[in-house]
Amino acid sequence: MACVTDAVEGDYVIVHAGVAITRIDRAEAERTLAELASLADDADWPPEKGQ
Amino acid sequence: MKYLDEFRDPTLARRLAREIRRAATRRWTIMEVCGGQTHSLLRHGIEEELRDVVELIHGPGCPVCVTPHQAIDLARDLALRPEVMLATFGDMLRVPGSGGTLQEAAAAGGTVHPVYSPTDAVAIAQRNPQRLVVFFAVGFETTAPATALAVLQARQLGLENFCLLVAHVRVQPAMEALASESPCRIDGFLAAGHVCTVMGCDSYEPFAAQHGLPVVVTGFEPVDLLQGILECVRQLEAGRAVVNNQYARNVRPAGNQEAREIIDRVFEVCDRTWRGLGVVPAGGFRLRPEWLDYDAERRFGFQHAGPEEAGECRSGDVLSGRIKPTECAHYGTRCKPDHPLGAPMVSSEGACAAYFRYAPPMTPVDIERIGS
Numbered sequence: 001m002a003c004v005t006d007a008v009e010g011d012y013v014i015v016h017a018g019v020a021i022t023r024i025d026r027a028e029a030e031r032t033l034a035e036l037a038s039l040a041d042d043a044d045w046p047p048e049k050g051q
Numbered sequence: 001m002k003y004l005d006e007f008r009d010p011t012l013a014r015r016l017a018r019e020i021r022r023a024a025t026r027r028w029t030i031m032e033v034c035g036g037q038t039h040s041l042l043r044h045g046i047e048e049e050l051r052d053v054v055e056l057i058h059g060p061g062c063p064v065c066v067t068p069h070q071a072i073d074l075a076r077d078l079a080l081r082p083e084v085m086l087a088t089f090g091d092m093l094r095v096p097g098s099g100g101t102l103q104e105a106a107a108a109g110g111t112v113h114p115v116y117s118p119t120d121a122v123a124i125a126q127r128n129p130q131r132l133v134v135f136f137a138v139g140f141e142t143t144a145p146a147t148a149l150a151v152l153q154a155r156q157l158g159l160e161n162f163c164l165l166v167a168h169v170r171v172q173p174a175m176e177a178l179a180s181e182s183p184c185r186i187d188g189f190l191a192a193g194h195v196c197t198v199m200g201c202d203s204y205e206p207f208a209a210q211h212g213l214p215v216v217v218t219g220f221e222p223v224d225l226l227q228g229i230l231e232c233v234r235q236l237e238a239g240r241a242v243v244n245n246q247y248a249r250n251v252r253p254a255g256n257q258e259a260r261e262i263i264d265r266v267f268e269v270c271d272r273t274w275r276g277l278g279v280v281p282a283g284g285f286r287l288r289p290e291w292l293d294y295d296a297e298r299r300f301g302f303q304h305a306g307p308e309e310a311g312e313c314r315s316g317d318v319l320s321g322r323i324k325p326t327e328c329a330h331y332g333t334r335c336k337p338d339h340p341l342g343a344p345m346v347s348s349e350g351a352c353a354a355y356f357r358y359a360p361p362m363t364p365v366d367i368e369r370i371g372s
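Read top to bottom, the protein sequences are chains A and B.
Heads up: the first sequence at position 15 corresponds to 15 in our numbering, and the numbers run straight through without jumps.
Heads up: the second sequence at position 182 corresponds to 182 in our numbering, and the numbers run straight through without jumps.
Think of the hints as simulated: they come from the structure by calculation, not from any bench.
By construction, the Cβ of each residue, glycine as well, lies at the ideal position given by its N, Cα and C atoms.
Do not take every clue at face value.
Computed spacing ranges between beta-carbons, pair by pair [claimed, not checked]:
(1) B:Arg-298 <-> A:Ser-38: 20 to 30 Å
(2) A:Met-1 <-> B:Leu-157: 42 to 52 Å
(3) A:Ala-27 <-> B:Glu-268: 13 to 23 Å
(4) A:Asp-11 <-> B:Arg-265: 30 to 40 Å
To give an idea of the chain B side of the interface with chain A (calculated C-beta under 8 Å), a few residues [as the list claims (entries may be wrong)]:
(5) Arg-43
(6) Leu-157
(7) Glu-160
(8) Ile-186
(9) Asp-202
(10) Ala-248
(11) Phe-356
If you want the footprint, here are the derived chain A segments under chain B, 3+ residues with CB under 8 Å [claimed, not checked]:
(12) 6-20
(13) 25-38
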């Protein structure tokens, strides 16, 4: 954890070659998922051919 | 798994693919830089699904693949010396240099240890004080912090029987080299998400502006990749060329400061030969002068060999995106994962290995294209 010293129990980190290189930012992950969700709603129209 | 399954959601993936189709008025050529992304694109059928609207060309982001023959030859030379134990990542063992692979060197009596982490090599040195442990350090900025930590640890432990054969590479200078090729076939880049966790994405701003190419920092799950491609296509359709961070859950604008500081303590930027690209200015890391005691090339008085020999393997063309793996005459015939002619067929991040494992059989269109 020498490179992600602010990680606390319960955090998710990405480990590469034995070293944690980043901590997953939950707020950013949720923001990206919300963006995707809004896109998905809009994408239901027009329907795809054959559906 | 939290924040993994969500980015593998098939419904979202289908909707994103449809959005990409809606957005594209023509076929765009996009390079995904990282070999991990190449494998995911092939594995999930994304390349095939989008073939008519996006041509994905596969970048040089496979550290094992871009390691030149000369470095492998030096590693073999070291592994065969009775006083040396060579340690490196498992992928390196089957990559042919000009005189064979490290695995063959081990079979011929050399000592080669596959390790998961550079610090494992430090532990081997501790256990074997009578031998000199050389860690063959390959990898991008993602791996450089781990190698730097191993050096710091070796010094802290006062180990004198540990050193490095450094072949570390830096991604952005290689993208610079590809974007500067004339003509440049690339309309936009999906930048390597994991390298950016360390290096950040701020440094791509001048690059995108100067070359007029969108750069979308992108993750590795299918939804990540499709979202990255959608953003890239939208920019291209709007005539924009800016940096977008699709992988914001893991990539901060300035990267990981702690990791960058650890790299900077031990390494400095140097020019480096990349297989396929030749000498890339500022394309690598070497040990700083104060750490040269840990430099295997200095300890053994190695001189850098001559230019890279062109063998039968067309890895240079594959790694720079000039050809697809299937366009090589040896693909799937004389060159397969169990008897590779070159590194891209060996590595878990190599484009040829990704095609061999995941690509559907060639269609008549492919065969016609290869023939033309």
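Open item on the list: Taking the Cβ atom of Ala-27 of chain A and the Cβ atom of Glu-268 of chain B, is their distance within the range 13 to 23 Å?
Closed with: Distance hint for Ala-27 of chain A, Glu-268 of chain B is violated at roughly 36 Å.
Notebook entry, point to check: For the pair Met-1 of chain A and Leu-157 of chain B, does the Cβ-Cβ distance stay inside 42 to 52 Å?
Noted result: 19 Å, violated
- Satisfaction of the Glu-160 of chain B interface hint, Cβ to chain A closer than 8 Å: This interface hint is violated because 23 Å lies over the 8 Å limit.
- Going by Cβ atoms only, is Arg-43 of chain B closer than 8 Å to chain A? This hint is violated: Arg-43 of chain B lies away from chain A, its Cβ roughly 19 Å from the closest one there, beyond 8 Å.
query: If you check the beta carbons of Arg-298 of chain B and Ser-38 of chain A, does the distance land in 20 to 30 Å?
result: Taking Cβ atoms as reference, Arg-298 of chain B and Ser-38 of chain A lie about 57 Å apart, which means the hint is violated.
Query raised in the report: That 30 to 40 Å hint for Asp-11 of chain A and Arg-265 of chain B (C-beta), does it hold up?
Result: With Cβ atoms ~25 Å apart, the hint is violated.
- request: Would you check chain B against the segment 6-20 of chain A, counting CB to CB pairs closer than 8 Å, and say if three or more residues qualify?
  value: Since three or more residues must qualify, the claim that chain B covers the segment 6-20 of chain A holds, with 6 doing so at under 8 Å.
### Message
Restraint: Ile-186 of chain B near chain A, CB-CB cut 8 Å. Satisfied or not?
### Response
Violated - the Cβ of Ile-186 of chain B stays beyond 8 Å from chain A, reaching only about 25 Å at its closest.
Phe-356 of chain B as chain A interface residue, shortest Cβ-Cβ below 8 Å
With a minimum Cβ separation of about 25 Å from chain A (threshold 8 Å), the hint on Phe-356 of chain B is violated.
**Asked** For the segment 25-38 of chain A, do at least 3 residues have a Cβ located nearer than 8 Å to some Cβ of chain B?
**Response** As far as the segment 25-38 of chain A goes, the hint holds, because 8 residues have Cβ atoms under 8 Å from chain B.
Let me know if the C-beta of Asp-202 of chain B comes in closer than 8 Å to any C-beta of chain A, holds or violated.
-> 15 Å, violated
**Hint validity - Leu-157 of chain B Cβ closer than 8 Å to any chain A Cβ** = 15 Å, violated
The structure does not agree with the numbered hints 1, 2, 3, 4, 5, 6, 7, 8, 9, 11 stated previously, though it agrees with the rest.
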